[in-house]
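**Student:** Following the hints, position chain G against chain B.
Quick mapping for you: the protein sequence lines, in order, are chains B and G. Counted the way my numbering counts, the first sequence spans residues 1 to 341. Counted the way my numbering counts, the second sequence spans residues 1001 to 1649.
Simulated from the structure, these hints should not be mistaken for laboratory data. Misleading hints may appear alongside valid ones.
With a Cα cut of at most 25 Å, we get these calculated DSS-like pairs of lysine-lysine [what the hints assert, rightly or not]:
hint, chain 1, residue 1, chain 2, residue 2
1, G, Lys1260, G, Lys1295
2, G, Lys1295, G, Lys1362
3, B, Lys272, G, Lys1260
4, G, Lys1315, G, Lys1609
5, G, Lys1603, B, Lys335
6, G, Lys1220, G, Lys1260
Quick caveat, the model's predicted, so the values are computed rather than measured.
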Amino acid sequence: MLRVSFYAVQILIIASLWCSGMSAAAEPADVGSVNSVVIPTELKVVKLYGAGGFAELDAYQSGFFVSADGHILTVWSTVLDVDKVVVVSSDGSRSEAELLGMDPNLEIAILATGQKTNHFFDLSEAIEAPVGTRVLALSNLFGIATGNEMSSIQRGVIMASTQLNASRGSFESVYQGLVYVIDAMTNNPGAAGGALINLQGQLVGMLGKELQDANAKTWLNYAIPISVLRPSVNDIIEGNSIKRKPNGRTASDRPHSLDQLGLVMVPNVLSKTPAYVDTVQPDSVAQRAGLHNDDLLLFINSIRIASLADLEDELTYIDRADQFALVVQRGNEIKQIVVAP
Amino acid sequence: MSVQTDRLLGQELLQIEEQAFQRAVAAAAPAVVRIETFGNSQGSVQELTTDGPTTGTIVSPDGWIISSLFSFREQPASILVTLPDGQRTAARIVSRDFSRELVWLKVDANDLPTAQPSAENATQVGQWAIALGKTYGNDQVSQSVGIVSALGRAYGKAIQTDAKVSPINYGGPLIDLAGNVLGILSPISPGSFVEGDSTELYDSGVGFAIPLHDILVRRKIAENGADIHSGLLGIVPGEQNELAGPVIVSGASPGSPAAKTGVRAGDVIVSAFGQPIHYLADLKHALGPIDAGDKFRFSVRRADEELQFECELSKDIPIYRRRYLGLRLQPAHADGPVIVTGVEANSPASETKFQAGQTIVKCAGIDNPTEEQLRSLIAVAELDRPLAFTVLQSDGSQLEFDVLATTWPTALLSELPSREPIGDATATIKDITLGDFPNKTFAIVPPASPAPVGKDDDAAAGDSGNSSTAAFENRFGLLILFPEPGELDRQKTLEYWSEFSVRYSWVVVVINSGNPNAWTRDEVELASRVLGKIENSMPLDPGRLVVGGLGVGGRVGLLAAAGERKRISGVLTIGTDLGRFSLRQQNAPAQSLDFMMVGDAAKLAAQTKSLKSAGYEATTVDAPQLKNDKWETIPLEPISKWLEGLARF
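Bound conformation, chain B alone (with noise of 0.2 Å):
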């Protein structure tokens, strides 16, 4: 397959407001509304340099400062993988930070570059956003800006909330909770780490990795909200240390089948197969739920069943004492039906 880019990227510029070889002492016009929310907020996002830059791997994110004693939150990546992290904020100045701790459930990381600031985002003070609040993110997205320039701004929507693993469930991604999806472009290389803040310049979420739809082909652009991040951010900077929490679910030990169930499906003959019932044994499991032959079973306590494959696999997770719920077509009615055992 062709690798293909397309970033359509639409990115506000404010350098005009932002004169070329200011002084870290001069502060800009306030001119207007957005500008205004958007100008203190530049101050708090820096650039973050570190390992990388071969392989398709990129040298440099995002991330914003979240404490007084110059903590930054950032996305854990590769980047981070050297012993100082260069910091460029957009005044200008650098400094180095060093890897404070981070969350392996969120893939998240705080840096610590041990000097004061009045620039940063108070956590306490993020707020969540609703659908279809109007955002801007703000990032060194591609790695355009260098030295004392500012981050770039999109502006955008927030398009939907949703968990990362329910809707959609072809991101391939640690962190599985709940994302504030985006209508603009703004995960790209470089922009994970940046940050997400509403038209009154409250925080409103971090900006995540690139994450790629597995079926459709489409490059997801979202943030973590802070209300996600908070409790994170907070244990990493009092020093306590986060394990890796074991991912989904385990399989019973004595899960039901379909031959204890009762059912004969019609055979897998194609890869997706959709789950219809061949046969329903008499006096099984299955009959006396109410199962019929030629049933198509659509969901399983509330998981869609792509194909007999899937049935197939979603079984093994419930055991065979317990009971569990089905959602079937027979003919054109839908059925809700309950099998107990």
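**Tutor:** The following block gives chain G in isolation, referenced to the frame of chain B:
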């Protein structure tokens, strides 16, 4: 006014706008439904079908729902719609609109909330537009805010917007600030040749919606369960450039509605439905919104007359296969009279009085046809109606006779036309620079003036007898190859092609990838650059322009040929797995492509079948031992025969 007041006003404006968006979304949201499909990707050849949820828009209280074709190209085993009350209900496909990439679904329900159409023809470029979808869950609609970017896109069928449109919201509504529906989001794309290539428009700030009014006027048709297709006319324009000037007809595709009207070569299309037609683009815009089965009215200018025609557009035109007479033709000089330089053995032409050396003075009523005109006339020749020719012989006499065309023979030439021995002449390597592209590119170029074509003794001509006495300007064939990413061995490439290049006057260009590991989409256009560059430096034979590639480069070659199909005559892939590429457009007169695929025949079978079903001729050469970077493993003979065979008429 103080800075402080400005800021407050600004924030107030932002909040008022945001509230307006929210109100609009809230008004339209109840009619937006989530649709789940089951078992629709079994054995799918569509690269882009997903079995994820999709979106629909309710357009009537009794359960008519519009969605996009995206998830319904194949019949799913089950379609479930979640109604506004949270109940899942089964839906069925009643009608598919292939012209607008939409589907009409029906659920059994009453009193459903429905989408309110915005006023007809009131949509303005620049107005706010919000794209809604419902794939992220049942409790919320997804929303992307943008503006209307343009109207009448995709040949008059679609509204263009910069709101984000993708599989996330295909089938959902594009609404205005009052919550009324401007159109339904559709994967329609403004003309892409290779299926699966339309993803280039995802996330690019270009999305499309079909005006709701244009959908609802077709409800009667949809209710009757009929599918809706684009209406096809079947005019073959003399010039493919959409903006090149008057639309001069070079023929009507055999069996098409246009062919039945009596329109003929030389007619100029001047209006459609009373609106003036200046360019081919005007004609395509006039045709775009018309469905198969609907009437199309147009007028042409013929000599001093204006003639009116009306016909019923059809769903498909009989699949076009390239036509064949068995002639080799060449103009005496550019745009000059066309001379027969050879007659193929066992061809339709060989059964007539055609002989090498004759000059064609008339064909199908056109006096002194140019090479281009002959190409068009032969391209649209009916298989059951002979073409009338008048030729001038070397003794000054004229002969009139008819030839009945056949379809293009798939068999390779039994042998290559014989040529003078080439002696010591060898081809040389020349580097080509491509401006801002870093791609290392070189050409195998034969010596400047090999033996003039006119002196050839064409053995394949069999009974053609006398060879011509005229000497022609030597014209070159051009083969542009995209190899595997990396760099192809120059010397080995030269050794492989040198003799063929010199003997048959071919230039072979190799474009290496810019990145040693992968090809990128924008490198496809390099073929056009090379073509333009070579065209300016030497005379090319329009019948022998080929693009192709080795291994994965063959895909780049196919895309390049697709982009230049009006000029390119063939596609050559060597050891390429074309995978799930399928062609969106059928073969068409005057822009037909021939394929040669070298590789493991078993693996190429499906691809050959799919090409043939779209009217393209595909010749396969079984070479299971082939290595993409080793010329010595690639059989030259069949490739040579195919390349030289392309020049026939």
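**Student:** Work down the list of hints and note, for each, if the structure agrees.
**Tutor:** Hint by hint, here is what the structure shows:
At roughly 13 Å between alpha-carbon atoms, Lys1260 (chain G) and Lys1295 (chain G) fall within 25 Å of each other, so this suggested pair holds. About 35 Å separates the Cα atoms of Lys1295 (chain G) and Lys1362 (chain G), which puts this hinted pair outside 25 Å; it is violated. Annotation: proposed proximity of Lys272 (chain B) to Lys1260 (chain G) is violated, straight-line Cα distance about 46 Å (limit 25 Å). Between Lys1315 (chain G) and Lys1609 (chain G), the direct Cα distance comes to roughly 22 Å. Compliance with the 25 Å bound is thereby established for this hinted pair.
In summary, the hint linking Lys1603 (chain G) to Lys335 (chain B) is not supported, as the alpha carbons are separated by about 44 Å, beyond the 25 Å threshold. For the given pair, Lys1220 (chain G) sits about 28 Å from Lys1260 (chain G) by alpha-carbon distance, which is inconsistent with the 25 Å threshold.
Checked against the numbered hints given earlier, this structure breaks hints 2, 3, 5 and 6; the rest are met.
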